[in-house]
Amino acid sequence: MNNLIEVRDLSKTFTLHQQNGVVLNVLRNLNFAVRGGECLVLHGHSGAGKSTLLRTLYGNYLPASGSICVQHAGNWLELVGAAPRAVLAVRRQTLGYVSQFLRVIPRVSSLDVVMEPALARGWSKAESRERAESLLTRLNIPRRLWQLAPGTFSGGEQQRINIARGFMVPWPILLLDEPTASLDDSNRNVVLELMHEARQAGAALIGIFHDQSVREAIADRHLDMSAQAKESLPC
Amino acid sequence: MNSMSDLKLKPEPLLRVSDLTRLYGPEKGCDGVGFELYPGEVLGIVGESGSGKSTLLSLLSGRCAPDRGVIDYRRNDGRWLDLYSATEAERRTLLRTEWGFVEQSPRDGLRMGVSAGANIGERLMAQGVRNYEQLRAAGIAWLSQVEIDPLRIDDLPRTFSGGMQQRLQIARNLVSKPRLVFMDEPTGGLDVSVQARLLDLLRGLVRELDLAVVIVTHDLAVARLLADRLMVMRRSRVVETGLTDQILDDPQHPYSQLLVSSVLQP
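Chains A and B, in that order, give the protein sequences.
Numbering (my numbering) for the first sequence: 5 to 239.
Numbering (my numbering) for the second sequence: 76 to 341.
Bear in mind the hints are in silico, worked out from the structure with no lab data behind them.
There could be a bad hint or two in this list.
[What the hints assert, rightly or not] Cβ-to-Cβ under 8 Å is the rule here; a few derived chain B residues that face chain A:
| id | residue |
| --- | --- |
| 1 | E123 |
| 2 | V269 |
| 3 | A271 |
| 4 | Q321 |
[Stated by the list, open to error] To give an idea of the interface, some chain A residues facing chain B are shown, with a C-beta separation under 7 Å as derived from the structure:
| id | residue |
| --- | --- |
| 5 | Q22 |
| 6 | L28 |
| 7 | R89 |
| 8 | V91 |
| 9 | R111 |
| 10 | S113 |
[As the list claims (entries may be wrong)] Here are the simulated distance ranges between beta carbons:
| id | chain 1 | residue 1 | chain 2 | residue 2 | range |
| --- | --- | --- | --- | --- | --- |
| 11 | A | M5 | B | C139 | 55 to 63 Å |
| 12 | A | Q204 | B | D285 | 52 to 60 Å |
| 13 | B | K252 | A | G85 | 53 to 61 Å |
| 14 | B | R282 | A | D13 | 48 to 56 Å |
| 15 | B | Q202 | A | M5 | 51 to 59 Å |
| 16 | B | G107 | A | G85 | 55 to 63 Å |
| 17 | B | K252 | A | E134 | 28 to 36 Å |
| 18 | A | S158 | B | D142 | 35 to 43 Å |
| 19 | A | E134 | B | G203 | 38 to 46 Å |
Quick caveat: nothing in here was measured; it's all calculated off a predicted structure.
Virtual Cβ for every residue (Gly too), placed ideally from N, Cα, C.
Start from the sequences, fold in the hints, and give me the full structure.
Given below as structure tokens:
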């Protein structure tokens, strides 16, 4: 398969103006590419900049320099310096992200939280609902919780809602930040299955997995990031 | 390649603003603001009180003329209109049809002396709808759309709670199917429990109706939920602009960093 994402000379620094202008160099001249159907695992100790890299790829962090190109709607698109609406279009169609924590929206039911990425792509309500229900069932979320807002759920339940949302639509490129962290064995296996299915469908996966068994089961390649930041992260 | 996929996405901006300036004193007002807004895009304007957010909103919505600068709006028929070269009548028509304005206080945006149904019907009547049944049907449909019991259609807004009044104001604005809506702290005066409900409603409507929105807020959580991108204002100038997530997670300007880090995390 061809490359779906290509990263060149990517650097990320944080300048903390409120703390005497301290500059943290977190990512330095990273280079890598990921093909469709391939899983790249980010490797390195805590504070090496793994989550920072995922957030930079997703556009939450602004790169200091370098290039992030993705295959979007049949063309290469440079994300560094792209207009917000271009980034949002990429997030709708091309680039998925399973974050470490679910950002809860008050009052919105779990089912609606999960369905949202599909509705944003213009799927019908019925089609979205069917897919969402099958994911929630596979991830062992009891049906009685589906209509409730996930704000009061346990950490593991929230994480599974987050995963269902992340796998709701097929993504050409999928970023995963410790999706199995707070899950028991059976749910961890469901997430592994979902990742395998995404890869089979041709997705490029880039992920952080602290669980070694998960890493061994899914990784095609590792990106060693321990040579990166020597300084601690701001948060 | 960037522009190619964008062209397919959204052909032309709805609003083009350049060098928009109106100063009441040094660093008071709005100085040299420029941006483009596309259909369906939600732009949040954040900053402390007195930074010029409200002045900017007044200028954009045709309520007060700038000292200099241009606002071009692409109308429904595709023709561009230079807002402040247009006649007063053209501007007023625009504000009643293709544009909406949601005030912070529903008392400023509603007619308190007439029924909820009449509030909703007013814009339709201004557009020439005279059929009573049609106006009534629109009133009922929009009340339920904004989650107000349609049986309240003949009640006066003053008998409504603050949250209901705000939802009625939204219905009154959206009934004419505007393409661009300005909002000034729409959740500002409401209890937190009511805010969440209103935000959820607004999110849904914005997507369903493909509305372009310019929203002024000092609440960064509201900005995160509603806005695609943000402009941070300080002392009449825009100090930073970008994707909402980026401004809130990785602010670059010292003032934006101060603004984001000053928020208490519950």
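So, going through the hints one by one against the coordinates:
1. With its C-beta approaching chain A no nearer than about 15 Å, E123 of chain B sits outside the 8 Å limit, and its interface hint is violated.
2. Interface hint status for V269 of chain B: violated, as the beta-carbon distance to the closest one in chain A is roughly 10 Å, over 8 Å.
3. Here the hint on A271 of chain B is kept, as its CB sits about 3 Å from the closest CB of chain A, short of 8 Å.
4. For Q321 of chain B, the shortest C-beta to C-beta distance to chain A is roughly 6 Å, which falls under 8 Å, so the interface hint holds.
5. A distance limit of 7 Å between C-beta atoms decides the matter here; for Q22 of chain A the minimum to chain B is near 6 Å, and the interface restraint holds.
6. The restraint placing L28 of chain A at the interface with chain B is violated, with a minimum CB-CB distance near 12 Å, outside the 7 Å limit.
7. The criterion of a C-beta within 7 Å of any C-beta in chain B is met by R89 of chain A, whose closest approach is roughly 6 Å, and the hint holds.
8. For V91 of chain A, the interface hint holds, since its Cβ comes within 7 Å of a Cβ in chain B; the closest pair sits about 6 Å apart.
9. Interface hint status for R111 of chain A: upheld, as the beta-carbon distance to the closest one in chain B is roughly 5 Å, under 7 Å.
10. Taking 7 Å as the C-beta contact cut-off toward chain B, the hint placing S113 of chain A at the interface is violated, the least distance being around 10 Å.
11. In this structure the hint that M5 of chain A and C139 of chain B lie 55 to 63 Å apart at CB holds, the actual value being about 57 Å.
12. Separation of Q204 of chain A from D285 of chain B is about 35 Å and departs from the stated range, judged on CB atoms against 52 to 60 Å.
13. A hinted range of 53 to 61 Å is violated for the C-beta pair K252 of chain B and G85 of chain A, which are about 35 Å apart.
14. Take R282 of chain B and D13 of chain A: their Cβ atoms lie about 37 Å apart, and the range 48 to 56 Å is violated.
15. In this structure the supplied range 51 to 59 Å holds for Q202 of chain B paired with M5 of chain A, their Cβ-Cβ distance being about 54 Å.
16. Look at G107 of chain B against G85 of chain A: about 22 Å separates their beta carbons, and that is not inside 55 to 63 Å.
17. Our hint of 28 to 36 Å for K252 of chain B and E134 of chain A holds, since their Cβ atoms are close to 31 Å apart.
18. Hint check: S158 of chain A to D142 of chain B, Cβ distance near 57 Å, so the stated range 35 to 43 Å is violated.
19. Under the hint 38 to 46 Å, the C-beta atoms of E134 of chain A and G203 of chain B, about 43 Å apart, fit the expected range.
In summary, the structure is inconsistent with hints 1, 2, 6, 10, 12, 13, 14, 16 and 18 from the numbered list given earlier, while agreeing with the others.
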